[in-house]
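Fit chain B to the given chain A structure using the hints.
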Amino acid sequence: AQKVTQAQTEISVVEKEDVTLDCVYETRDTTYYLFWYKQPPSGELVFLIRRNSFDEQNEISGRYSWNFQKSTSSFNFTITASQVVDSAVYFCALSGFTGGGNKLTFGTGTQLKVEL
Amino acid sequence: EAGVTQFPSHSVIEKGQTVTLRCDPISGHDNLYWYRRVMGKEIKFLLHFVKESKQDESGMPNNRFLAERTGGTYSTLKVQPAELEDSGVYFCASSQGAPGNSGNTIYFGEGSWLTVV
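So the protein lines, in turn, are chains A and B.
Letter by letter, the first sequence follows residues 5 to 120 of my numbering.
Letter by letter, the second sequence follows residues 8 to 124 of my numbering.
Bound conformation, chain A alone (with noise of 0.2 Å):
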């Protein structure tokens, strides 16, 4: 069975900090793609980030950044500098073989909270 886990459940930080978001993840596949969807007030998930599971490069986009270690099963995102307009759940979630490809499994989100 695929699983993640998202141990943050609420995290607060004040403008300009860092802040590392978790996400630990099981699977038997050996091929296997990793996400990370931003939701924002206004409901939408909005896509960050795919990963597959032979890409452990790590990837950076602005004040974003992410952190693929296959040996921890782990995938976590950092924001650098964190503004207000970060505040949002963000998931992370799994896609593979298993079930054909074509489920998300998703954790159950870090609330996220930037306040000035």
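Check each hint, because a few of them may be wrong.
[Claimed, not checked] Partial selection, computed: residues in chain A whose CB lies under 7 Å from chain B:
#, residue
1, Gly47
2, Glu48
3, Leu52
4, Arg55
5, Phe58
6, Asn62
7, Phe72
8, Gln73
9, Lys107
Please keep in mind that the hints were generated in silico from the structure rather than gathered at the bench.
Note that the structure is a prediction, hence the values are computed from the model and not measured.
Heads up, the beta-carbon is just placed ideally off N, CA and C, and yes, glycines get one too.
Only chain B this time, still in chain A's reference frame:
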């Protein structure tokens, strides 16, 4: 290009009533998905359409839920009769191909917030 759109955005109904949620996927996306998030829990897969065919409906909770996608365009999700535990956010999503295939990303709508009282 329009994203995934869902209607209604919010709905409050009484237990035993019927509600129909609608989803318009991104134009050209053959794959359409329904997901649900019950308060405080993870977002869970309900079902997956490829065009008008149900590819996987293993996540549908029970037979009070009926999803259709006539003509392979928009989709509806009907809950009849609604129960209190059906309250939550129902997300629709679409993709060109399956998320397990390289290059395919699932795009989500804003969700339909359902409250059953």
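> Which of the listed hints are broken here?
Replying inline: Violated hints: 3, 4, 5, 6, 7 and 8; rest satisfied.
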